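Asks: In the order they appear, the protein sequences are chains Z and E. When you line the first sequence up against this note's numbering, it's residues 110 to 422, in that order. When you line the second sequence up against this note's numbering, it's residues 110 to 422, in that order.
Hints were generated in silico from the structure; no laboratory data involved. Careful: at least some of the hints might be erroneous.
Here are the simulated lysine-lysine pairs, DSS-like style, with alpha carbons at most 25 Å apart [claimed, not checked]:
| id | chain 1 | residue 1 | chain 2 | residue 2 |
| --- | --- | --- | --- | --- |
| 1 | Z | 259 | Z | 111 |
| 2 | E | 321 | Z | 239 |
| 3 | Z | 193 | Z | 142 |
| 4 | E | 259 | Z | 259 |
| 5 | E | 340 | E | 321 |
| 6 | E | 340 | Z | 193 |
| 7 | Z | 326 | Z | 259 |
| 8 | E | 239 | E | 162 |
| 9 | Z | 259 | E | 239 |
| 10 | Z | 374 | Z | 308 |
| 11 | E | 259 | Z | 239 |
| 12 | E | 162 | Z | 239 |
| 13 | Z | 138 | Z | 385 |
| 14 | Z | 142 | Z | 111 |
| 15 | E | 171 | E | 239 |
| 16 | E | 167 | E | 239 |
| 17 | E | 308 | E | 326 |
| 18 | Z | 163 | Z | 112 |
Please read these numbers as outputs of a predicted model, since none were measured by experiment.
Protein chains: 2
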Amino acid sequence: MKKYVFGVDIGGTTVKMGLFEVDGTLLEKWEIKTRTEDHGINILPDIAGSIQKKLQEKKIAKEEVAGAGVGVPGPVDVSGTVHKAVNLGWDIMNINEELGRLLGMKVAAGNDANVAALGEMWKGGAQGHKDVVMVTLGTGVGGGIIVDGKIVCGATGAGGEIGHIHVRDDEVEACGCGNHGCLEQYASATGIVRLMTRKLESTDAPSCLRGKELNGKVFWDAVEAGDELAKEVSEEFGAYLGKGLAVIASIVNPEIFIIGGGVSKSGPVVMENVRKNYLPNVFHGCRDAEFALASLGNDGGIYGAAKLLIDQN
Amino acid sequence: MKKYVFGVDIGGTTVKMGLFEVDGTLLEKWEIKTRTEDHGINILPDIAGSIQKKLQEKKIAKEEVAGAGVGVPGPVDVSGTVHKAVNLGWDIMNINEELGRLLGMKVAAGNDANVAALGEMWKGGAQGHKDVVMVTLGTGVGGGIIVDGKIVCGATGAGGEIGHIHVRDDEVEACGCGNHGCLEQYASATGIVRLMTRKLESTDAPSCLRGKELNGKVFWDAVEAGDELAKEVSEEFGAYLGKGLAVIASIVNPEIFIIGGGVSKSGPVVMENVRKNYLPNVFHGCRDAEFALASLGNDGGIYGAAKLLIDQN
Numbered sequence: 110m111k112k113y114v115f116g117v118d119i120g121g122t123t124v125k126m127g128l129f130e131v132d133g134t135l136l137e138k139w140e141i142k143t144r145t146e147d148h149g150i151n152i153l154p155d156i157a158g159s160i161q162k163k164l165q166e167k168k169i170a171k172e173e174v175a176g177a178g179v180g181v182p183g184p185v186d187v188s189g190t191v192h193k194a195v196n197l198g199w200d201i202m203n204i205n206e207e208l209g210r211l212l213g214m215k216v217a218a219g220n221d222a223n224v225a226a227l228g229e230m231w232k233g234g235a236q237g238h239k240d241v242v243m244v245t246l247g248t249g250v251g252g253g254i255i256v257d258g259k260i261v262c263g264a265t266g267a268g269g270e271i272g273h274i275h276v277r278d279d280e281v282e283a284c285g286c287g288n289h290g291c292l293e294q295y296a297s298a299t300g301i302v303r304l305m306t307r308k309l310e311s312t313d314a315p316s317c318l319r320g321k322e323l324n325g326k327v328f329w330d331a332v333e334a335g336d337e338l339a340k341e342v343s344e345e346f347g348a349y350l351g352k353g354l355a356v357i358a359s360i361v362n363p364e365i366f367i368i369g370g371g372v373s374k375s376g377p378v379v380m381e382n383v384r385k386n387y388l389p390n391v392f393h394g395c396r397d398a399e400f401a402l403a404s405l406g407n408d409g410g411i412y413g414a415a416k417l418l419i420d421q422n
Numbered sequence: 110m111k112k113y114v115f116g117v118d119i120g121g122t123t124v125k126m127g128l129f130e131v132d133g134t135l136l137e138k139w140e141i142k143t144r145t146e147d148h149g150i151n152i153l154p155d156i157a158g159s160i161q162k163k164l165q166e167k168k169i170a171k172e173e174v175a176g177a178g179v180g181v182p183g184p185v186d187v188s189g190t191v192h193k194a195v196n197l198g199w200d201i202m203n204i205n206e207e208l209g210r211l212l213g214m215k216v217a218a219g220n221d222a223n224v225a226a227l228g229e230m231w232k233g234g235a236q237g238h239k240d241v242v243m244v245t246l247g248t249g250v251g252g253g254i255i256v257d258g259k260i261v262c263g264a265t266g267a268g269g270e271i272g273h274i275h276v277r278d279d280e281v282e283a284c285g286c287g288n289h290g291c292l293e294q295y296a297s298a299t300g301i302v303r304l305m306t307r308k309l310e311s312t313d314a315p316s317c318l319r320g321k322e323l324n325g326k327v328f329w330d331a332v333e334a335g336d337e338l339a340k341e342v343s344e345e346f347g348a349y350l351g352k353g354l355a356v357i358a359s360i361v362n363p364e365i366f367i368i369g370g371g372v373s374k375s376g377p378v379v380m381e382n383v384r385k386n387y388l389p390n391v392f393h394g395c396r397d398a399e400f401a402l403a404s405l406g407n408d409g410g411i412y413g414a415a416k417l418l419i420d421q422n
């Protein structure tokens, strides 16, 4: 049994890294810059260099390390092959092999949102469960599905793309993915701004948000302050997300939904709006699913990446 | 390595049974009546008796048999516990234990639709794949999800309840499950009759279906004969089902969709309508999923049940 494992969470701006004991104790975490120029050719060497440096600094022999798990912002299949990571400039590449060669240790890569779900199952809000759906509400809507303790990668690494389930037919604006009417267009921070902007334009009713620059935080603050129009929009948001989660439940029947991302600070009101729309629309066998907030915050990715590596050992 | 395995598919009227070699060769199949009276107390003893009789008849020693797999029309969790099978009169019961005790051999039970999907993966339309979604369009809409070669049972055995994903908000009639706007209300045989009846009532346009007693077969025959109103309804059907499958794809990202059930005789026109609505609504990473018709017909259940037992050995 090896003693240590690294968890790496690659984002578009920074790479978050963690040194763990294999029981999940986080010994140290740090960040390096994500150098996305030149099609992101430096990213993996930078990660390998930083891990080597940490080993020297801590006087840890490579033989004591199980390996490194990696979360990538793009579709990753079960073999560790990334199928384009637009934010990193990457095309198709097998991370397990590439980074494994650079590091001389075992590597296991997965999609970042999927990996974060694994982290929450291991040491966060979904501890003790093995059938988990995590939804991350941030600039976009990310998702991770865990069935019987394992990430659902899918055939091309697009498993758990919860943000892109179709929830509305008459949408005129396009989603980032090119489709129209994706959940992300209403349940992300930008989605909420879209809904609120439309609401303000549709009526003359008063709102503390008129004339303000909108973002997710400003919006949820207005909801908590009791702004009527903002409350109506939060119901709309809850309808999209609650019905979307109900559909997901009828497909994978999770024990627990974990909600993470920027909105988790406004967690209680978000959860209330979601559950109100979840219950009447879900198959009766799925009504008892729990709802909980993510508890690892930005560290979910490094925890989950470490766990991914451990599970593949 | 044992030589034989039984596959059992319990329906509300008959129990289909098959004797297989473990490589999937079907040696013999037969049926017995499903005695649902007295809360279905006779069903498992009848099955056990029929299997014992077959062993004697074929002069097969129990030691040569790997066991019996069983498909049940109700939610079955990963441990083989049925959570109510209304059509059989069953409440909560562990089939693996109950039938295992009666038979003195290993038993593995699963939901019938899930098990049929496994059968299609093993010896039917989805051979060679390991990420499979099967949709059965019959009186209801059943579904089975296979991820990485394994059935997705879910926390309470309600995994793959594709018929009960919410696809329409303004439905006034209730689905059999009690909810409103389930996929089954539009994509099953009764759902198609519902859509066609509404269409005929909404217009005076001519149709060969006016005044006829409607059912799935009559409807699809009219579509193939070029009846305009029936064709419009088949588009509507395709919109519900195609968008529903697109949502499922963004969640589990299958390699292949298998369509089975009564409509499969009208397969080509059904598939065309479904794909037309699938492609514009699915996440781009899932666009290459194949579509195929189920090929085992009513035998899918016994094949899948046999495979379920083999996989759990």
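Asks: For each hint, tell me whether it holds in the structure or not.
Replies: Hint check:
1. Proximity of residue 259(Z) to residue 111(Z) is assessed by CA-CA distance (about 22 Å); at most 25 Å being required, the pair is judged to hold.
2. For the given pair, residue 321(E) sits about 51 Å from residue 239(Z) by alpha-carbon distance, which is inconsistent with the 25 Å threshold.
3. Only pairs whose Cα atoms come within 25 Å are accepted, and residue 193(Z) paired with residue 142(Z) is accepted, the gap being roughly 20 Å.
4. As the CA atoms of residue 259(E) and residue 259(Z) are separated by approximately 11 Å, the hinted pair is consistent with the 25 Å bound.
5. For the given pair, residue 340(E) sits about 16 Å from residue 321(E) by alpha-carbon distance, which is consistent with the 25 Å threshold.
6. Note on residue 340(E) and residue 193(Z): the hinted pairing is violated, with a Cα-Cα distance of about 40 Å set against a maximum of 25 Å.
7. Taken as a hint, the residue 326(Z) and residue 259(Z) pair is broken in the structure, with Cα atoms around 33 Å apart against an allowance of 25 Å.
8. For the hint pairing residue 239(E) with residue 162(E), the CA-to-CA distance comes to about 35 Å; that exceeds 25 Å, so the pair is violated.
9. For the given pair, residue 259(Z) sits about 15 Å from residue 239(E) by alpha-carbon distance, which is consistent with the 25 Å threshold.
10. This hinted pair checks out: residue 374(Z) and residue 308(Z) have alpha carbons roughly 23 Å apart, not beyond 25 Å.
11. The straight-line distance between the Cα atoms of residue 259(E) and residue 239(Z) is roughly 15 Å, inside the 25 Å bound, and the hint therefore holds.
12. Between residue 162(E) and residue 239(Z), the direct Cα distance comes to roughly 41 Å. Violation of the 25 Å bound is thereby established for this hinted pair.
13. A distance of roughly 38 Å separates the Cα atoms of residue 138(Z) and residue 385(Z); the hinted pair therefore is violated under the 25 Å criterion.
14. Taking the CA atoms of residue 142(Z) and residue 111(Z), the gap is near 29 Å; set against the 25 Å cutoff, the hint is violated.
15. With a C-alpha separation of about 31 Å, the suggested pairing of residue 171(E) with residue 239(E) is violated against the 25 Å cut-off.
16. Using a Cα cut-off of 25 Å, the hinted pair residue 167(E) and residue 239(E) is violated, with the two alpha carbons roughly 34 Å apart.
17. Only pairs whose Cα atoms come within 25 Å are accepted, and residue 308(E) paired with residue 326(E) is accepted, the gap being roughly 17 Å.
18. Straight-line distance between C-alpha atoms of residue 163(Z) and residue 112(Z) comes to about 15 Å, which keeps the hinted pair within the 25 Å bound.
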